[in-house]
Amino acid sequence: MSHHGLTRREFITRITAATALAAGSGALGWLFHNRRLVPSAGRAITIPSFAVAGTDSLMAVAHGQDSAKAVAAALQELGGIRRFIKPGDRVLLKPNCAFDRPAHLGATTSPEVLAEVVRQCRTAGASDIRVIDNPINDAAGCFSKSGLTKAAEAAGGRIWLPEPGLFSTVKIGPLCIPEWEALGAPLKWATKIIGLPTVKSHNLSGASLTMKNWYGLLGGPRNRLHQSIHEVIVDLGCFITPTLVVMDGSRLLKRNGPTGGNPDDVEPGNVIAAGTDQVALDTFGATLLDRKPDEIAYLAKAEQQGLGKRDWKSLKTFREITL
Amino acid sequence: MKRSSHIVLGIIPLLIAGGIVWKSRHYDPAYFVPPQATTPTAESWVPDKVDTWTLTDKAWFPAERMFEKIDGKDQFYQPFGVDGLQCGSWTSGAEAWDMYLYVMKDSKGAYGAFSGEKPAAATVEPGTARRYSSSGSVVIQAGRFYLQLISTSAEGAATATTITNLAQALSSTLLAKSPPETGTMLILPAADQIAGSEKLIPKDAFGYTSLANVMNAQYVINQTTGTWFFADGGTGALTRYTQELAQYGGEELFTLPDGASGGLMLDSWEIAGIINGGLAGVRNAPTKERALQHWEFFKQRSKPTP
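Sequence order for the protein chains is A and B.
For this note's numbering, count along the first sequence from 1 and bump the result up by 395.
For this note's numbering, count along the second sequence from 1 and bump the result up by 127.
Bound conformation, chain A alone (with noise of 0.2 Å):
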């Protein structure tokens, strides 16, 4: 057949020709779009989790004025640090320490806390005890006025601030955030890792507790990850499987967290939890701020992700003691 000069053999070279431009191009955009929410750098990597084995579903609630003999006290009411600490680990301790606040405000981790888990981590025969975090201001400023730098050394801890060659690109959790650029050569080096959260209230999330508190260990523009908050919050606590947390109720930012600043809006907590199921103890530090559980989302859809148990109480381990 020639029509207009083609012949039925060019006419079908030429469908197949711009059926196969089709299909490249379309396969080409299937590729690209869309496919990573940050372009990364290279492979992310898995962390591995931090628990000793045998120590699941354990929580100790002290209650006591003086921060520093209510984590020991804690702690021992858990087995003493020696169960979670053994000669030689190398410990990374992960405050809040997100703002430029002085301690008083409770924005931050209280420096007694930090200061007290350092002197445990020793006394456990620890090799290298740091302290990191990446704040949402200058490191090294906000270490310095929330107090913790001063209480980490004194103790025998040290900070070890967040630089850049530190980050890499990590696996995250299932809901929001596969991956994401994080702390990953810290996580790498430690053996072990304890978290010490304050206890505060959250514009956003309601509160901000322990897996809140693995946000200070990502990097890139992580602000975006408030667009869907509670999911993030899930996805934090998959991220990082502590060794232990010790949740700093000494005090309590029950209002305008996460960054405070009125010291009315402080009131003293006279409260140390210690222990390793993330869901229990944000459930119990949310009552601390009078927050019902099923006003903070994020605790029963951690609770479906099987990060841990609402109810502490029904842990296999729970003690509470007054000093």
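It should be emphasised that the hints constitute simulated quantities derived from the structure, not laboratory data.
All the given hints hold, so there is nothing to weed out.
If you want a taste of the chain B side facing chain A, the calculated C-beta under 10 Å gives, among others: (1) Pro140; (2) Leu141; (3) Gly146; (4) Glu195; (5) Lys196; (6) Lys200; (7) Asp225; (8) Gly243; (9) Pro246; (10) Gly263; (11) Ser264; (12) Val266; (13) Ser280; (14) Ala281.
Computed from a prediction, not measured in an experiment: that's the story for all the values here.
Glycine is no exception: its CB is placed at the ideal position from the N, C-alpha and C atoms.
With chain A held as given, fit chain B onto it using these hints.
For chain B alone, coordinates are given in the frame of chain A:
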């Protein structure tokens, strides 16, 4: 067909493919990484020196970059309308107070942020600017500015008086740089208002999409507490409110001779109508009679001064 035509026809799909790739990279908001912070260039809203106080470490964060200073809290200020945040540190001898100056788009927004963060127990001191103090902090709303001065010392309570002069000077400066307050926020009556209960809700107040920029406060009339409010809009907003009240399950709906309408929503009674040309209302009354009583008092108290 010439060979060159074949080449051109072949290039077109490739360009389309390239376009798809380029578009996919640029369409996804996740690819937008904000540019690095720059040296603050906005006007410094306050002087660098007041008496013995000196302002250091100044930094300006425009609204879209406030997360660099107050990540997680910036979204509290956004609904009120904010231009940016100026930070700094005031020092005088051994004293150091951090400054957070929120530059809002108007005085209504500044008042919204001020009232939204104010502890219920804090008493607003009388004066041209609204202000309250606590142990180690002074908080001021002056025109379109919302200012927080925060002691860096836990012993701030003992030294709070030393910052009085600085706070007064900054307040005067900011008022001078702000246009006069306008709008409905100033006309909620003072009589019988529960101290510290006045708040601004920027949108979707009380669950109604028709109620925006709602200035509301608690009032006690004949030993019964109710909420009085002014909101943006006039009769159009009132019509939308009435529709929403019915749509959301309001019961025993009624219309008053003055054009106001109301009903029972869940366990409390509410009424909305027009006062001085603006949308106004009362709510949280335990009975219809009490709601009507609040409404009549509200109208009487809101009459323009002759």
